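Could you build the full structure based on these sequences and the hints that come with them?
2 protein chains.
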Amino acid sequence: MTLKIPVVRNILEANERLAEDNRRIFREAGLLVINLMSGPGAGKTSLLERTIEALQPEIRIGVIEGDIQSSYDAERISQKGVQVVQLNTGGACHLDSNMIKSSLDALDLDTLDLLVVENVGNLVCPAEFNVGEDMKAMILSVPEGDDKPLKYPLMFQESRALLINKIDLLPYVNCDVGKIRERALQLNANLEIFEISCRTGEGLDGWADWLRQQVSAREAGGDGAET
Amino acid sequence: MTLKIPVVRNILEANERLAEDNRRIFREAGLLVINLMSGPGAGKTSLLERTIEALQPEIRIGVIEGDIQSSYDAERISQKGVQVVQLNTGGACHLDSNMIKSSLDALDLDTLDLLVVENVGNLVCPAEFNVGEDMKAMILSVPEGDDKPLKYPLMFQESRALLINKIDLLPYVNCDVGKIRERALQLNANLEIFEISCRTGEGLDGWADWLRQQVSAREAGGDGAET
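Chains A and B, in that order, are what the protein sequence lines are.
Each residue of the first sequence is one higher than the one before, starting from 74 at the first, in the working numbering.
Each residue of the second sequence is one higher than the one before, starting from 74 at the first, in the working numbering.
One thing to keep in mind: the hints can contain errors.
Identical copies look the same in the list; a pair holds intra-copy or inter-copy alike.
As the list claims (entries may be wrong) - With a straight-line cut-off of 30 angstroms between C-alpha atoms, the simulated DSSO-like cross-links for lysine-lysine are:
| hint | residue 1 | residue 2 |
| --- | --- | --- |
| 1 | Lys153 | Lys252 |
| 2 | Lys174 | Lys153 |
| 3 | Lys153 | Lys224 |
Bear in mind the hints are in silico, worked out from the structure with no lab data behind them.
Keep in mind the model is a prediction, meaning the values are calculated, not measured.
Structure below.
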């Protein structure tokens, strides 16, 4: 363990410096940037598809798709007619600022209002690496269980919004949404929580409305989106 | 990125040396050791509960519970009357050999036939770090979707057994078990696949029988469990 701890600290510091560079680029372009995180298969790409359907063309959306390998998610998203870049980490379990920076040339940032970075499916490390985003949002799907805030607290602490997805499965799984809410809010009292089903569409209007407000606050200038 | 790559290599090499030490200890104790991996909430602890119910007292089972923090899983498992140690990684997204080594004093290995290491919920990094196990086994739950072998191939390549869990949810989710099988076997033709539901108990007999065979092969001496 003595081998690892200082190394991780250096990586995090180097990442933070590059995150600041990205943040400056995003601010200049007047963009709202969301870092979207979850475990594998919780519904990040499905949420993106639904969000694009709800907000386009009113809000112009760009997507950076992070995956260890493959480009399936970027292909899915590109069918929605938005700008999308696939970023392959080549084994790494999270995106970092350098990867994001290297992908920005492939996007025309000035024509976008909202950029969503879909992180690698992982409830742990993505929460440790800022990429220059305005806010992190996370998805927890109900089949994963209501104990996840207790076991993966950092992501709940770091996120501005929590989407509780697949609520159409509640009759068939052992999961108490009230417990998720209570445990998540104990970690982060400012967390905005949405109960949704990307499959049935339930609850997505509330999420889309909230996103519209965040984009407007950013366009009105300053850090409005953060408050 | 130039910062990170050599560091990761050193960590993996250091880990591999300690894995060999653990392997020697496990061999001397005549133990079969399984490293159980999955994404968050796929059902590792539930599978362990069901496995203990099926095999005890015929096979004496010990468990090392890996979590970033908390001891909820160890508490659940201890109610089944087996030896259990909770290992907290303090932030790390996977277990490594050094952590496992440090937890072995808390177990009486000579009184066990089977040791299961429940890794941190993560489909990525746990597959990179051997801990001295005889084999890795992984769970994919059907709500996670049938594209996971395409997106997280290493874990499928490294595993000896794949448990497709939560098959009771198949009527309610978009997931084709045939595609999971096909994609997983393309990555690893020797993968032993079990379709199970820890909730209903379906398919667990086949898994328990297979485990019995693996334990017998180990007790008969040598690397039988690996073949």
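Tested hints:
{"no.": "1", "hint": "Lys153 to Lys252", "result": "between (35 angstroms within a copy, 25 angstroms between copies)"}
{"no.": "2", "hint": "Lys174 to Lys153", "result": "within (24 angstroms within a copy, 50 angstroms between copies)"}
{"no.": "3", "hint": "Lys153 to Lys224", "result": "between (35 angstroms within a copy, 21 angstroms between copies)"}
Of the numbered hints listed earlier, not one is contradicted by the structure.
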